[in-house]
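Put chain Y on the given structure of chain W with help from the hints.
Number of protein chains: 2
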Amino acid sequence: MDRIPILKLGRALLVTIQVDMHDRLATALEEDLSAKIVASGARGVLIDISGLDLVDSFMGRMLDNIAAVSRMLDAETVVVGMRPAVAITLVELGLELSGVKTALNVERGMALIQTRLTETGLEDADLGEDGP
Amino acid sequence: MDRIPILKLGRALLVTIQVDMHDRLATALEEDLSAKIVASGARGVLIDISGLDLVDSFMGRMLDNIAAVSRMLDAETVVVGMRPAVAITLVELGLELSGVKTALNVERGMALIQTRLTETGLEDADLGEDGP
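As you go down the protein sequences, you meet chains W and Y in turn.
Count along the first sequence from 1, then add 101; that gives the number in this note's numbering.
Count along the second sequence from 1, then add 101; that gives the number in this note's numbering.
Honestly, the hints are just simulated from the structure, not real lab data.
A few of these clues could be false.
As the list makes no split between identical chains, a pair holds if one copy fits it or if it spans any two.
[Stated by the list, open to error] When the alpha-carbon atoms are kept at most 25 Å apart in a straight line, the in silico DMTMM-like pairs for lysine to aspartate or glutamate are as follows:
1) 109 <-> 177
2) 202 <-> 121
3) 137 <-> 154
4) 137 <-> 193
5) 109 <-> 193
This is chain W alone, in the form it adopts within the complex:
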């Protein structure tokens, strides 16, 4: 696999990470994601890591990078589906993902992005529904 699919869901983009990331795959994901944020005008990025048993420091840095780039493009990053063991490992590694919001699952992550849109006074974004 050379590309991770990015799905558009309303005003958010959803990425499901299922495999260990290597250098080139991570770079490709960061590039694709930032291009798609700009192209789609997305205001949120949901990264689902429920398929991962382990998160190493490389993956932790990648999540931080994606969040930092997305923030500059005015999109909020929410990491969802983290397993308890992964959370423990990240803290042990000293990677507390301070720039990244987390939510238990995709639905709660969506709600978080929706709340932010409402708070910032933007129109109701109809997350998850089809546009015109």
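For chain Y alone, kept in the frame of chain W given last:
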């Protein structure tokens, strides 16, 4: 990887297939998916294959199987994100996925499931939004 993550989005389940399926992975996905349909009461299954360059006859049969099992559990299967080359290959292989609905992307697939729920007189399902 031994499991493909299944994400709940409102009344639908979303699966993103990013890797070539082998026997055991396909069996695990079918089992997990049917268990999750029952546990969550989902009425639709969205299978995103936008990450696949190629679909072979094994994958075609798997999609057909998933659709058949889901239908028996009262959930509709929609395959989304199919690339043009994949559609051509499937037809050439004689696998026209007659039991499977298709949609261009996740949002249109969601809309299809939503329409079906509305038509069958069930309550508005708020696909993609957080439940109570």
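Structure-based check of all given hints:
Taking identical chains as interchangeable, the C-alpha atoms of residue 109 and residue 177 lie at most 25 Å apart whether they share a chain (14 Å) or sit on different chains (21 Å). For a Cα distance limit of 25 Å, the shortest separation of residue 202 from residue 121 inside one copy, 21 Å, qualifies, whereas the shortest one across copies, 31 Å, does not. In this homomeric assembly, residue 137 and residue 154 come within 25 Å of each other (Cα to Cα) only across copies, at 20 Å, whereas the closest approach inside a single copy is 28 Å. Taking CA atoms no more than 25 Å apart as the test, residue 137 paired with residue 193 passes in neither setting, with 33 Å inside one copy and 32 Å between copies.
In this assembly of identical chains, residue 109 and residue 193 lie within 25 Å of each other by CA distance neither inside one copy nor across copies; the values are 33 Å within and 30 Å between.
Hints 4, 5, counting from the list given before, are not met by this structure.
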